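Asks: Go ahead and model the full structure; you've got the sequences and the hints to work with.
There are 2 protein chains.
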Amino acid sequence: MYKRKIPLTMDCGLHLTKEVLNGKWKPALLNAIALGVRRPSEILRLLPGATRRVLSVQLKELEEHGMIEKKTYPQLPPKVEYSLTEIGWSLMPIIDALNQWGDTHRTFLETVIRQDPKVVHITKSACQLQHLSVGEQQVG
Amino acid sequence: MYKRKIPLTMDCGLHLTKEVLNGKWKPALLNAIALGVRRPSEILRLLPGATRRVLSVQLKELEEHGMIEKKTYPQLPPKVEYSLTEIGWSLMPIIDALNQWGDTHRTFLETVIRQDPKVVHITKSACQLQHLSVGEQQVG
DNA sequence: GGTAGAGGGGATAAATTTAGCCCTATGCCA
DNA sequence: TGGCATAGGGCTAAATTTATCCCCTCTACC
Numbered sequence: 001m002y003k004r005k006i007p008l009t010m011d012c013g014l015h016l017t018k019e020v021l022n023g024k025w026k027p028a029l030l031n032a033i034a035l036g037v038r039r040p041s042e043i044l045r046l047l048p049g050a051t052r053r054v055l056s057v058q059l060k061e062l063e064e065h066g067m068i069e070k071k072t073y074p075q076l077p078p079k080v081e082y083s084l085t086e087i088g089w090s091l092m093p094i095i096d097a098l099n100q101w102g103d104t105h106r107t108f109l110e111t112v113i114r115q116d117p118k119v120v121h122i123t124k125s126a127c128q129l130q131h132l133s134v135g136e137q138q139v140g
Numbered sequence: 001m002y003k004r005k006i007p008l009t010m011d012c013g014l015h016l017t018k019e020v021l022n023g024k025w026k027p028a029l030l031n032a033i034a035l036g037v038r039r040p041s042e043i044l045r046l047l048p049g050a051t052r053r054v055l056s057v058q059l060k061e062l063e064e065h066g067m068i069e070k071k072t073y074p075q076l077p078p079k080v081e082y083s084l085t086e087i088g089w090s091l092m093p094i095i096d097a098l099n100q101w102g103d104t105h106r107t108f109l110e111t112v113i114r115q116d117p118k119v120v121h122i123t124k125s126a127c128q129l130q131h132l133s134v135g136e137q138q139v140g
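Same order as they appear, the protein sequences are chains A and B. Taking full-length UniProt numbering, the leading residue of the first sequence gets 1, the next gets one more, and so forth. Taking full-length UniProt numbering, the leading residue of the second sequence gets 1, the next gets one more, and so forth.
The set of hints was computed from the structure by calculation and includes no laboratory data. A couple of the hints might just be wrong.
One copy or two, either will do: identical chains are not told apart, so a pair holds if it fits within one copy or between any two.
[To be verified] Heads up, simulated DSBU-like pairs for lysine-lysine below, C-alpha to C-alpha not over 35 Å straight-line:
| # | residue 1 | residue 2 |
| --- | --- | --- |
| 1 | K79 | K60 |
| 2 | K118 | K79 |
| 3 | K71 | K118 |
| 4 | K70 | K118 |
Fair warning: this is a prediction, and the values are worked out from it, not measured in the lab.
Replies: Below, the structure written as structure tokens:
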């Protein structure tokens, strides 16, 4: 297995939090689970940009970090459900804030991000969590 | 210059925000500037884990993304001061929340992070922003 | 002349993260 | 029998991000 060669810095809270949220899909995963989408296959459908492999890996990390809990039903085909732990829930205000901030400033951000010469092409089809109406949420 | 090969996804706010905050030191940089540490050399001293090069690059990205403004004084030796833009300030509640969340759950997080087999060694000496007393802050 | 301070930035190597494939297992359906 | 769905996870190759080194500018100081 891969091992870090550079020491992890974890003095200020910022770095600790970053470590937990570090991963292309982690915030989106937490968000999805909080909104009631708990099965891996459902989450995968909601995040068309992600591979099954990546979701699987990042879900595992979130679990190891204690943000989510996994319940495996001994069935076939297998059934697994994730849910937020208490500390995982405590992250939600932050995830929401990140999400809202991005949406609030979308026009501006899209503009400046496009100006970045490193950015050549863009996708705007991925996460469809917005389309979950409040009625579909299963919070708690 | 390096160009992205994988299309950037920017549908939900989460991804947009992530793009802006993406960088090992970006949240810390914004935090430092918000607290009144505006010159690159001062920031560098506060973040012993970072190289001059990295800070320089990430500051530039933050500037290109419109989060901070750079004022160059035509002096010698050169003098540069960064400050948050309006949209940059609007990120501060989030940065603060990230910071506080990490500090609040420090004990727990340090434990679970250490259990990660990838993590071999750790540093706890870096950012010293906590040591800035309120009196030293120059907000606004 | 050599050194230090302040800032910028090119080039390249190393580290780390994602993407892509493949294989496991079982029951259901055509 | 072949294909699909569901979930895990090994392994390798790309992609992306950080770390390192080095050079440049100009001035003051020893």
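Asks: Give a verdict on every hint.
Replies: Verification of the supplied hints:
no. : hint        : verdict
1   : K79 to K60  : within (15 Å within a copy, 47 Å between copies)
2   : K118 to K79 : between (41 Å within a copy, 28 Å between copies)
3   : K71 to K118 : between (41 Å within a copy, 24 Å between copies)
4   : K70 to K118 : between (38 Å within a copy, 21 Å between copies)
The structure is consistent with each of the numbered hints, conforming to all of them.
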